[in-house]
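2 protein chains.
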Amino acid sequence: MTIEKAAAIGGGVIGAGWVARLLLNGIDVAIYDPDPEASRKVSEVMKGARRAYKQMLPSGLPKEGKLTFAKTIAEAVTDADFIQESVPERLDLKHKVLAEIDLHAPANSIIGSSTSGIKPSDMQVAMKKHPERLVVGHPFNPVYLLPLVEIVGGAQTFPEAIEVAKEIYSSIGMKPVVIRKEIEAFVGDRLLEAAWREALWLIKDGICTVEELDDIMRYSFGLRWAQMGMFQVYRIAGGEAGMRHFMAQFGPCLQWPWTKLTNVPEFNDELVDLIAGQSDDQSSKWSIRELEKIRDDNLVAIMEALSKQNKGKGWGAGALHKNYTKQLAELASAKTKASGAAAKAKATKPVKKVAKKIAGKKG
Amino acid sequence: MTIEKAAAIGGGVIGAGWVARLLLNGIDVAIYDPDPEASRKVSEVMKGARRAYKQMLPSGLPKEGKLTFAKTIAEAVTDADFIQESVPERLDLKHKVLAEIDLHAPANSIIGSSTSGIKPSDMQVAMKKHPERLVVGHPFNPVYLLPLVEIVGGAQTFPEAIEVAKEIYSSIGMKPVVIRKEIEAFVGDRLLEAAWREALWLIKDGICTVEELDDIMRYSFGLRWAQMGMFQVYRIAGGEAGMRHFMAQFGPCLQWPWTKLTNVPEFNDELVDLIAGQSDDQSSKWSIRELEKIRDDNLVAIMEALSKQNKGKGWGAGALHKNYTKQLAELASAKTKASGAAAKAKATKPVKKVAKKIAGKKG
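Residue numbers (our numbering), protein chains in the order written: chain A, 1 to 363; chain B, 1 to 363.
Calculated from the structure, these hints are not laboratory results.
Watch out, some of these pointers could steer you wrong.
Same chains, same label: a pair holds when it works inside one copy or across any pair of copies.
[As the list claims (entries may be wrong)] Okay, derived cross-link-like pairs now, BS3-like style, lysine-lysine, Cα gap no bigger than 27 Å in a straight line:
| no. | residue 1 | residue 2 |
| --- | --- | --- |
| 1 | Lys313 | Lys285 |
| 2 | Lys166 | Lys204 |
| 3 | Lys313 | Lys54 |
| 4 | Lys47 | Lys313 |
| 5 | Lys285 | Lys311 |
| 6 | Lys308 | Lys293 |
| 7 | Lys308 | Lys54 |
| 8 | Lys119 | Lys181 |
| 9 | Lys311 | Lys293 |
| 10 | Lys96 | Lys128 |
| 11 | Lys204 | Lys119 |
| 12 | Lys204 | Lys181 |
| 13 | Lys47 | Lys311 |
| 14 | Lys308 | Lys285 |
| 15 | Lys204 | Lys128 |
| 16 | Lys308 | Lys326 |
| 17 | Lys285 | Lys47 |
| 18 | Lys54 | Lys311 |
| 19 | Lys166 | Lys181 |
| 20 | Lys119 | Lys94 |
| 21 | Lys63 | Lys47 |
Source: prediction; values computed, not measured.
The task is simple: from the sequences and hints, build the whole structure.
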């Protein structure tokens, strides 16, 4: 299942990350973003993404898709079979943008929202024509490298739309995980928010600096979580007695004073100053662009290292990375062949076929 | 600063991990553990650790230290200059064991406790002779591979003891981070506990399974946190506007219903069954030993990959890993030379020299 023509609504860090992933997969993208700086910002992200993909594919990248800047949402989505919305996290803005997308997108297109936490049911009420094709497709920064996408359906979303979305995201090298029940912030940001709140307390209370906290993460459980999640890690920690033993041993800790859980720290200028200042101490020796480069190089290296594990089959994100780079390499070698066959293959339009079924079911 | 003779009190998953790290650094260890199975369990961990270190050092390991099983705490600690306590997390037991260690250990030794969360001030009250030499040295499983150790001093701990502990842990390839204020659970377990509590809610409420939650972690922010902690990651996410912009953008989320923060889920049989059952679905195809092997191979591969980043200087845990493997390789090549020089070098006893200063200050 492939995308023929994509549209990106919003070109910030996340939107531009989607654009980069799509273009580097050879897919044409029309983007709409009213920011006069959008073109420059997207091309900065593209530069970084291209650089990262060259590390993954020293033998050469696939032919990039074509990027066009649309003047309106209507123009961007009018002939797209996949549309990803990545505008700021304000429900009123989401409503306005999704209503506009809904009005002009082909009936059989799939619409994904990058929201980090707004429920799709709360968003799709603004879509008067085909709300059943909206899913949350929540990615993680940098979108062109990190494979996870959380898929969440709302009350009006058709199950088929979720199936098609899964296949679409998989086709561009991602790992879709469908969330079973619709809640705010889904799963990833629930976990991140819990850790973030606790981290703010630790800094505010002077227990450690942001640099020390970061070191504590990346020299310990961060290394673990790059390859196994917390439940599998704790299963091993239970030793020969396993998960049940681990839970019996650590269950009581939940009642100990081990977290600040009942409060949210007051989010005032003092806290912002403290954290921003410490963050400068930690990182101002690098520009954001340099930090991005370091981060991307590290992520590629980690995924590549994991792709050689598990008797060469790859493990976790490494197994996916192995398949993804293989797929891109095949695409790259295909570009040198006659383009007729590729065009013919695309003409089967599998996304549209399934999506048509969805649209048909509604109307 | 090197350790001449170490003692390990407690040989569970953590205690045995310390033993493995010490032995593989060529340091003699006396261990005390009343469990009749202790010897078998420690040798299982040693087997895994030896295997992991062989991946790190294909050219050969240093000569291993000698392991002796002591019949009493007194026998284990009597001539040790570094003692690591890793008994279960019960304050009464910690008191009993630390009092016994204190009674028999040389006055100028350093005593580290592996506790995940008990305050050192609450433990050292049981030490009648030299409480000033107790520090928390909280490691992360697997201790022989993960470099982080949180160092925490109590009300009676001398600053010099913290300095010596830092040097001791560094000498065996670890990354010590000194926690600035004494709190329960320190920094690492505060963050872990916050994420764990949230995870329990997500499973209990049927939002996802343990396997899905693990995938959500290891295909997204887990990869990020293996190389940068959350503050540096968010600084980048702020884009060109940086940390202040990020905080302004995401500050309000703290007030949204993005976490279950105010409650602890009831920890009953139903929840344990649910999680243990889902954990079996996820992982029962591997034995714990197989999972340990996979985990260790992955960790070594990730640290090795990071050791080649940052223009070859290594990044984060990778930079440390680079130095550590170099140090071990030098130690390995030294074992083939005349042992006289090594013995002479050891005779300077730098740990004891500084530690003597501490003991002197007290008495």
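Outcome of the hint check:
1. Lys313 with Lys285: Answer is between; shortest inter-copy Cα gap is 16 Å, intra-copy 39 Å.
2. Lys166 with Lys204: between (41 Å within a copy, 25 Å between copies)
3. Lys313 with Lys54: Intra 22 Å, inter 21 Å, cutoff 27 Å: intra and inter.
4. Lys47 with Lys313: between (31 Å within a copy, 24 Å between copies)
5. Lys285 with Lys311: This pair counts as between: shortest inter-copy Cα distance 16 Å, intra-copy 40 Å.
6. Lys308 with Lys293: both (23 Å within a copy, 14 Å between copies)
7. Lys308 with Lys54: both (19 Å within a copy, 17 Å between copies)
8. Lys119 with Lys181: within (10 Å within a copy, 40 Å between copies)
9. Lys311 with Lys293: between (30 Å within a copy, 12 Å between copies)
10. Lys96 with Lys128: Within. Shortest intra-copy distance 12 Å satisfies the 27 Å Cα cut-off; inter-copy 70 Å does not.
11. Lys204 with Lys119: between (31 Å within a copy, 20 Å between copies)
12. Lys204 with Lys181: Only across copies: Lys204 and Lys181 sit 12 Å apart there, 34 Å inside one copy, limit 27 Å.
13. Lys47 with Lys311: between (34 Å within a copy, 20 Å between copies)
14. Lys308 with Lys285: between (34 Å within a copy, 21 Å between copies)
15. Lys204 with Lys128: For Lys204 and Lys128, neither the intra-copy (46 Å) nor the inter-copy (35 Å) Cα distance is at most 27 Å.
16. Lys308 with Lys326: both (13 Å within a copy, 23 Å between copies)
17. Lys285 with Lys47: This pair counts as within: shortest intra-copy Cα distance 22 Å, inter-copy 43 Å.
18. Lys54 with Lys311: Answer is both: 26 Å inside a copy and 17 Å across each meet the 27 Å cutoff.
19. Lys166 with Lys181: Answer is within: at 16 Å inside a copy they meet the 27 Å cutoff, but 47 Å across does not.
20. Lys119 with Lys94: within (11 Å within a copy, 48 Å between copies)
21. Lys63 with Lys47: within (15 Å within a copy, 49 Å between copies)
Hint compliance for this structure: hint 15 is the single one not met.
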